[in-house]
Amino acid sequence: MLVRLRPLGLHLWLVIFALASLTTSIHATVYEDQAGIADWQKKLIGKPVKTLTYQGQNSSYIITTTERNILALLSPLSDEIVWRHRFEPTDQIYDFSTSHQLIFTLSSNNADQSTVALRAWDVASAFMVWEKFLTIAASPLIPQLRMVRADGSGDAIVLTPGPHSTLTRLHAMTGAIAWTTGLDTPTGEILADVVESDGSLYLVGDASLPPNQYHIDVSRVDPTTGQVQHLYNTAPHSRFGDVTIVPSLVGPAWVVWKTPEGLVVNTLGAADQIRAFSTRELELDGADWTSVVLSGPTQHGLPFAPFKPAFVMQSLNTHPSAAWVVTMDTQDLEKAPSQVNSLALKSEHTISALALAELGDRTLVAFAEDTPLDQTIVHIEPLDDTTQRMTLSLPISSIEAGPVSRLHLIPGDSLAQSAVMVTFESGFIALATPERLVWKREESLAHAQAFQWLDLPDSHLWSEDQDELAEDPEITDQSNLIARYVRRWRIHLGQLVNLARRVGSGLLPFVEVLSRPSSSGAHSTPVITTGQHDSFGIRKLAIFLTPQGALSAIDTLRGQVVWTRFLPTLTASPSELGLTWTHLFVVRPAVVRLPPLLAVVGHSAALESPIARVVYIDGLSGALPTDVTAATTLNVLTDHVYQLPISDPADRINVLAFTYFTSSAMQPRVRLVPDSSSIRAQLRSLLDQVVLVAALTAPSALWADSNETPIKGHRIVMSDADLDSSHGSDLSTAVVWQLDLPAHESLVQAQSKNSYEQVASLGRVLGDRS
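Using mature numbering (1 follows the signal peptide of the UniProt record, and there is no 0), the letters of the sequence shown map in sequence onto residues -28 to -1, 1 to 742.
Don't read these hints as lab results, they were simulated from the structure.
All residues carry an ideal CB built from backbone N, CA and C; glycine is no exception.
Don't take every hint at face value.
Claimed, not checked - Each pair of labels, with its calculated beta carbon distance range:
#1 V662 <-> S97: 54 to 64 Å
#2 S86 <-> I510: 48 to 58 Å
#3 H464 <-> L711: 50 to 60 Å
#4 G384 <-> K22: 20 to 30 Å
#5 E39 <-> L711: 30 to 40 Å
#6 E717 <-> L203: 29 to 39 Å
#7 D342 <-> D660: 47 to 57 Å
Please build the complete structure, drawing on both the sequences and the hints.
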């Protein structure tokens, strides 16, 4: 008998495929030979240092150099990086400028310390057009500028340091040197800038004359031959600052600087056209104003002040909540400056950043308010009409990203179409228009130096687990085999409520691929709650810490930032200003009933008042905890920090041990945080198992040879009197072993996996790589 089977229809195959997609999630597998190849930091550039706007044929772009030694081209329309070049650490970027379709970069030469590298890059393709090495003879003890500018023809003008600074002109398209001129600068003079005005190049420097007298030195350079002609020195002043050169679109350029008495303005190249304005003439009598901003780079990378140079000043003493915009009349220098408008702020606010830009024949000013609110306020207004102020409210608080450090104004076709790029102290970057937040980038991740995995809590915590197969009298005596079998099924049925959530989480990556995120940048922040721990323990929070105090948590399932915090503004403590944050610990994992807790350690190495500060952070929300003391300060110069395998019985926080040296002790002493009598009792029972291992370096006076840095194992020593923490005495140590390293070698890092980290094995290649 012949049996004929009917094949499955197409609709049944589609149903099976849909069910399989709903119940599975795809994870990328990392093979052993691919470890370290994927550079996820290629999506990051770091905190911007200098930023210019480049106007292309169809749209404008943002060119920036960052603290990560990266040159990058960004689009104002989206947060995508058009291209980026990462320079080697030994190839430090000094300056850059733009010329037509090229970008000039001036950097150190990693192959030869006696030369600097000048490179020309094509803006569109990011390819290097040419490269030239210029010889220098700089003294590391004398700070001298290394800068590159583009003149009116587009050629590169390079200033390099040496016993006598050198000025070089190179052709833009070929890199050929047109001329090189040595500058006979007076002793003690530091060149401030080189600028083109009225067809000539001008060098402006500030020189010091004994006793404590300063003046401005101006020279003219022939752009064709490179011949230098010294013009004049200004009258000496006892103190001045903020020397700024302002090229004007009509007429000659200006040199402006501050003095204790007021403002001094000089028409560049004219020794007889110097005008000093007192603070009384500026209607700022008695104001100790701190800012003179004339920034606003043109397409050639030079600052400008269209028609009238504009000076933005802010007082921190008499008028701490106001700033003034003052303009000068270029036709009549003797005419007193006019106060155009006042950038009025709320009484408790100050200006944290300022920027100027050109919009047609008008000048725009942008300034950010230093506010304690959960938003960042940026204002944009033209200098000639204060009624057209437009206010931008960015949904970024100073607690998340820190205060605003820089503004870059990008003028559009109108005031409403202008944009501003905001850089925060943490490295966070945002670009906004008066209508919306266009995009944002968490660039603080590029500066991370400490990292920890944070396991997520589950609805059924590990501390509540009871193995029904264990020989526990409380379970085996009161239940039989059937009862334990029913108990297991009851637990599994109770977990069905999480099925819909886990299926939805698995589909999110597919939904995000099909629907590309909009350019608004206002993505909803994922919320981590109890019960989101997956079966294999793969989903975690990746916690990153930067030396500046930026703390970020990333969900490993979606790769999104869950929360960010900037520690100096989170706790609002003056003692955290200037700290370097070096250590990050998970002092309470997600295996107990209490929420997971992070400990962040910062140091100040000031010899007169060294401190170490410990700040506790809720690992799920990034907020300060309410069940423990949020911060602790130690007035010692700590050497190392260790996480001990003991915890406080009350709040389950792991103890941190800080080692430090004193002038009277050859061995380091130990301070515990937190510290109590019960903690010391636990530590005493584990003294034979706790060894502090590190390259402990005592003060050099205690060593016969300061070049020796041995690796030592120290054991904590405790007596009966040390069990009482109320005495406030720190613990002593004793050396149990010592390892002398070969010459010119030192310990970089020693680390092991935390005991609470659990990651299941997914086949032969992944294994346990937590």
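Status of the hints after comparison with the structure:
no.: 1; hint: V662 <-> S97: 54 to 64 Å; verdict: holds, 58 Å
no.: 2; hint: S86 <-> I510: 48 to 58 Å; verdict: holds, 52 Å
no.: 3; hint: H464 <-> L711: 50 to 60 Å; verdict: holds, 52 Å
no.: 4; hint: G384 <-> K22: 20 to 30 Å; verdict: holds, 22 Å
no.: 5; hint: E39 <-> L711: 30 to 40 Å; verdict: holds, 36 Å
no.: 6; hint: E717 <-> L203: 29 to 39 Å; verdict: violated, 56 Å
no.: 7; hint: D342 <-> D660: 47 to 57 Å; verdict: holds, 54 Å
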